[in-house]
Structures are given as C-alpha cells and as structure tokens.
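Colleague: Listed below, chain by chain, are the residues.
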Amino acid sequence: MPSKVEKWKDEVYGNEIREHLLEFAEQGWESIPEDEHDAWFERFKWWGLYHQRSGQESYFMMRIGTPNGVIKPGQLEVIGEVAKEYATGPADNPEFGDAYCDWTTRQSIQLHWIKLEDIPEIFEKLESVGLTTQQACGDSWRNIVGCPVAGKDKHEHIDAWPVAEELHETFKGNDDYANLPRKWKVAVTGCDEGCGQGDINDLAFEPAEKDGELGFNVRVGGGLSRKEARLARDIDVWVPPEQAADVAAGMSALFNEYGDRDDRFNARIKFLMDEWGPEKMRQVLQDEFVDFELETAGEDMRDQYTYNSGGNEGHDDHVGVHEQDDGNYYVGLNVLVGRMGADDTLELADIAEEYGSGEVRLTQRQNVIIMDVPEENLEDLKNEPLLEDYSPEPSPFMRGSIACTGTEYCSLSIVETKNRQVRYARWLKDNVELPADHEDFHIHLSGCTASCAQPQIADVSLRGMKTRKDGEPVEALDIGLGGGLGEDPRFADWVEMRVPADEVPGAIENLVNNFKDRREDGETFRDFVEARDEDTLADLVEPEETDYHDPYMHNTKMTWYPYAEDDDMQSSPAPTNGAGEPLPSDD
Amino acid sequence: MTTDVHQLDDGAWISVNDSREVNVSDLWLLARSDFCECETTDFLAEGFVKVGVDHPNIEARIAGQCIACGESGVTDWLIVGRVVDPDAGDFYGVVHESVHFPEKRTRLARPGE
Ligand code: HEM
Ligand code: SF4
Ligand SMILES: [Zn+2]
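Protein sequences, first through last, are from chains A and B.
By this note's numbering, the letter at position 542 of the first sequence is numbered 580, and the numbering carries on one by one without gaps.
By this note's numbering, the letter at position 92 of the second sequence is numbered 99, and the numbering carries on one by one without gaps.
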C-alpha cells in the first residue's frame, strides 16, 4: 500500500506545486489550512523549501541547486543579496551573525529563516539570473554534482560540464521524472582525479575509454544514509557523452517503475540494487528502458583517482591556486563548515568579478573556487582582506572540516554541528600538529545517521549521539576512522562510540599523536587505519577533556534555537507572520 | 474526526492531526523490554519507523540505540501519547524520561504506514 507521502504526491506534485505555493505566499502563512500542513510541507520540498524544525514553525530552509556547483557571472551577487535581505531570523548565530549562505556537500546553496511571504520576491530575483530552487529537495532529480572545475581542468579527459548541464536541462521541470519514489542523486565525473564523488550517488558517470573513444562507465546505487552506506556498483555499461542523457533517462525511469513506493525507508535505488545485483539492473535497463544496444564497460581511470584517496596528492579539495587548461588560474578558498556571511558573499562576488571572470564554483567539500584568474591578477587577489578569513592556504584542520546543518535547523538531528565543528577546527589548529606530509585530513561531522556531511568518507568521521556524563544526558559523537574515496573507496570503521562532545578534540589529539609515533615511514593515515583492527584503533583514540570548551553539551535539540539568549522551547517566537511577528499557535 | 498519525521527514517526528508532536533525539527509559541486556534501556530515539493508533493511545516503533550498552535496533510498540477525545483531537504526550513498557503488538493506523 502506497505511503501517505505517495498519496499526497498523487494529488499535487511537481511543477504544479508552484502556483499553490505562490498563492499561499500571497495570502500569508495562516492561509495554509491547518489540517493540510504536513501535505503541503512535503510538497514544498520539490520547490526547494524545507520546513525548519520544531520551535521554528513558519520558517523554511531554501535550497538553490547549482548544477556541478557552477555559479555563473552575475549570479553570486544575487545570492548574496537574497541572503542579506531575507535570510535573517529572530535570533543570531554567535559564530556567523544574522544572514549567511551555506555551501553544501552537494554543490548547492542553503539559506535559512526564509518566510513563506517572501518567496515570490525571492523566486523573481533568483530567476532573473537563471537560478532556481526547483527540485532542490523532494522526490526527484536533485542537483547534479561533478568535478567542480569541469571544463577548465588540466586533468580532464572529457568535458563533463556540458553533460552535467544537459542532464540538468533535460530533467529539471520534466514531468516524466518529476515524481520518483525518492530522491535521485546523479554525479558526472570527467577527470582522472575522481572528484565527482560518483561512488556515493544513485547514478554515476565516470570517465572511461572504449575502442579509442572517450565516454563514461555507469555505476548505480551509492548512498550513505541510515547506517546503510553503499558504494555505487558497476553495471558494465559504457556510454558516449551524447548518449549519457538517454541512459540517465532509462535509469531514472527504471527507478520510477521499480523503486519501492510503499516504504520510504526502502525506496532508494541502493536497496533495489541489493535485491537485484548489477547484472539484473543492467538487463532490465536494456530490456525495458533504452531502445539501443548498451555497450559493455570501457577502460576506466580509477587507478589514477587521487581525490580523497588519502594519498595527499592531486588537487584533492581544490583549495589553493591551480592552473586551468586555458592558462588562467582557479583559486579555491576554504570556507569553514561551508558557511559564509551574506556581506562576505557579496564581497566574494565583487572580487570574482574584479580578478576573474565573475564565475565562482562550489565544491563537494563546502568550499568555493574563484575561476578564470589571469596570472597577473593572482598577487592582488591573494592580498584581498577577504582571503584572510577564507584562505587558499588554510590549516589542514580548517580545510578538512565539513559539518551538516544539525540541531540549529534540522528535524532529524541529534546534536549541534556547525558551530561545534568551527570550535573543534580552531582548537585543533592551535593544539595539534599533523605530520608535514598530511595536508589533507578530513574531519566530517554529521548530526545524525542521514550523513549529510558524508562522515563515512572522512579520515575522522563524527556522528551525532548522546551519552551520560555524571548521570546527565549530554551531546556525544561516535568516532569512525579511515574512510575515503579513490580507486578503492572505503567507509570509515566506527571504533569509539558515544564520546562526550567535549572530549572529542582530546581524542583527535591523542589519535594524531599515536599515529605520528607508530606510523611507518611515509605511511598515510588511511593505510595506517586499514592495517589495524578496530580494537587496536579504539585504543589509539583516547577521549579526554582538555582546555577545549563546548557550550553545546546541553541537548540543543530541546531548545527552539540553540544560541538564543532564552532558548527554552516555550519562548519561541514561531510561528510568525510575514513581518516576523509572533502568531498565536495551538501547540 | 479520526486521528491522523504519521511519521515524516524520514522518521524525524510524529505528526498527530497535522501538528508535530514527538521528536527524535529524546531519551526514553524502557523497562521489561528485550531491546538489550540492560535492566532499563536508556534509549536514544533516532527515527520513528512505524506509528499507529490504539485508541486512545498513539503508539510508535522507534529506531535508536541504548546509550548505556550500545545495542541498536527498533523497539516494540511504545505509547508516545494519547488523543483522549478524537473530536477535539488534542494530543497529550507522555513524559519520555519516565519509565515505559514496550508492547509486542498494536493496531496500525494503516498497514505499512
Ligand atoms: C533541514 C536540514 C536537512 C534535512 C532535514 C535533511 C534530510 C536528509 C535526510 C533525511 C537524508 C537521508 C536521505 C535518505 O535516506 O535517502 C539526507 C541525506 C543527505 N543530505 Fe540532507 N538534510 C538536511 C540538510 C542537508 C544539508 C545541509 C546537506 C549538505 C550540506 C545535505 C546533503 C545531504 C547528503 C549529501 C546526504 C547523504 C545522502 C546519501 O548519500 O545517501 N542535507 N538528508
Ligand atoms: S546529517 Fe542529520 S542532522 Fe545533519 S543535516 Fe542531515 S539530517 Fe540533519
Ligand atoms: Zn542497553
């Protein structure tokens, strides 16, 4: 029997949600019938609007999907303006102030505290420069990810950007694929570094050569959520770039037909892959969903993949100054936990215009890249004050930090994430020294098992939990080690569970010191972890209180906003009207 | 009216008559359960897997973990609150910090929900 969400989707879904959304916005928050809240909020996701958590009713997270992370000249300024004007809530964040953009691990943009009443104006502004929130959330084709410097990269074999763009244009707003059983995440990689992260997506195109021609091998069924992490599996198909959209259409039609609409927990294609295996997946695709003979897989380039391979080679996170294939440079800036104030975003837009082409790109490591900088502009760019805060040469602990949304806004969360990770990174930078050959050291913090921060592919994986300390419940983290991508991707081993959050920096300090003492010459952290069993590793992680102070130990999910002066759930001003004034609420 | 109950946002919360009523991330004390070896299970709710109504009780099976011993899994049916008067529809949540007794079965609001 189809789930309730499916029933709502049958009634209204896809493009047609927009007119209802705009109508509600026109009439105000209270015009949404109370007994239809759940149905409408589920549907609004399709237009990129996610109702924020308990205590923050009437406020939305808004996600803007930028395919492949490409922000074209002129777009960033509008994003910054929208954030500045509309993304301010009833209370400030102590680290980030009152209006900011989040650059996400899927190369999208998230704004918070968006009011329903402002949505028509925001849509108009975004759409005036070709940006959209369409399908940024919900059960459909999500933002397409890929190598962030596609089309401009020296390591590229196929220009993946036109392929990503074609997929975006074909499947955004396309009614045939608008209502899938679940989210559908696609990655396109064209380079030999493997930075598209295809392995953790539902559908992945990866560079491969067949009979002297360059195209893509196809993998299916990756994903990290719910302690059910899966790597995408090779279905033994090669496509030339001009047929990528046909195979993608076939695969998503297959998912549409055979994905589980009765149980949302079992709906992602990774579970169908568990059931069928890659041979049957290929067979059904061939028999029912494409009208040409599929080629068998070509010769891939996975043995050259350096991205997040633990080897500390290649562009890896794209931070720093790198030459493009046209002789210009791109300059990757580190944005700690992916959050940038609206004023800084506007400044970044100016700088990108002044020194480069105005194009900016988002990476899958929550960072930004200024594109197309001629060599003669590099020095002046590096001297810009903005680059003191968003450095092209950051400490490994700053550049390696990723954090998800967490209890600040997210319903599913268990612990506070972004502000905590900011404090962790600063403390680690001041107190811990990595071996000199470890410039890349990834610490990912996810507030729950949904794994938005992709903890399973980090050197140190942190996942929200709770424990008791002196009898009192406190926020805690599970610690995993040794995850990463590359030729042979590997998910982290969870070695130390329920560590009180204030003992995690001490644990990482001890781990790094133990690693330095025990490693063989030149041994990478990832190899070091792989060579040891979980018990041995657990002994190397020794949780310990230090002078690190954690202000978020107190079960932040029980507040209406973790950083408000009066954070009690009952003190929440939400829901509010279009002017931000509290409305009576019956709960 | 009938009481409308479902879990949403991947099991993040339970909606009762279109109002968010029970959230993940709370700790529940479970007694006489075979969830783990502990005398009382110190249970962290991480996701609502199934919800049901057995008038006047609203019940759920919850995915999560005992934070004392680390055992993880899905609980049997737990009463998470009551809607005493279905016409008024008001929900009265239980105090999750007090001791609860999971039951093997309950009537489902809708099978497979
Ligand atoms: C309001 C806040 C958010 C909510 C409620 C939310 C919800 C979820 C859920 C429920 C999943 C699991 C999906 C599944 O089971 O298929 C998930 C996964 C994920 N989300 Fe989010 N999310 C939020 C914010 C974010 C943010 C801020 C990012 C990016 C920085 C993000 C990116 C991802 C990624 C990469 C995954 C991993 C999915 C996979 O590979 O299977 N989400 N999110
Ligand atoms: S990992 Fe969990 S807590 Fe973090 S944003 Fe995703 S759903 Fe929310
Ligand atoms: Zn136990």
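The hints are simulated quantities; they were obtained by calculation from the structure and are not laboratory data.
Be aware that a few hints might be false.
Stated by the list, open to error - Capping the alpha-carbon separation at 27 Å, the derived lysine-lysine pairs in DSS-like fashion look like this:
(1) A/Lys-265 <-> A/Lys-192
(2) A/Lys-420 <-> A/Lys-192
(3) B/Lys-111 <-> A/Lys-265
(4) B/Lys-111 <-> A/Lys-221
(5) A/Lys-122 <-> A/Lys-192
(6) A/Lys-210 <-> A/Lys-45
(7) A/Lys-45 <-> A/Lys-221
(8) B/Lys-57 <-> A/Lys-221
(9) B/Lys-111 <-> B/Lys-57
(10) A/Lys-210 <-> A/Lys-221
(11) B/Lys-57 <-> A/Lys-122
(12) A/Lys-122 <-> A/Lys-467
The structure presented is a predicted model; accordingly, all values stated were derived computationally and were not measured.
Colleague: The structure should be examined with respect to each hint, and the outcome stated for every one.
Modeller: Status of the hints after comparison with the structure:
no., hint, in the structure
1, A/Lys-265 <-> A/Lys-192, "violated (37 Å)"
2, A/Lys-420 <-> A/Lys-192, "holds (22 Å)"
3, B/Lys-111 <-> A/Lys-265, "holds (25 Å)"
4, B/Lys-111 <-> A/Lys-221, "violated (33 Å)"
5, A/Lys-122 <-> A/Lys-192, "violated (36 Å)"
6, A/Lys-210 <-> A/Lys-45, "holds (22 Å)"
7, A/Lys-45 <-> A/Lys-221, "holds (17 Å)"
8, B/Lys-57 <-> A/Lys-221, "holds (21 Å)"
9, B/Lys-111 <-> B/Lys-57, "holds (13 Å)"
10, A/Lys-210 <-> A/Lys-221, "holds (13 Å)"
11, B/Lys-57 <-> A/Lys-122, "violated (41 Å)"
12, A/Lys-122 <-> A/Lys-467, "violated (30 Å)"
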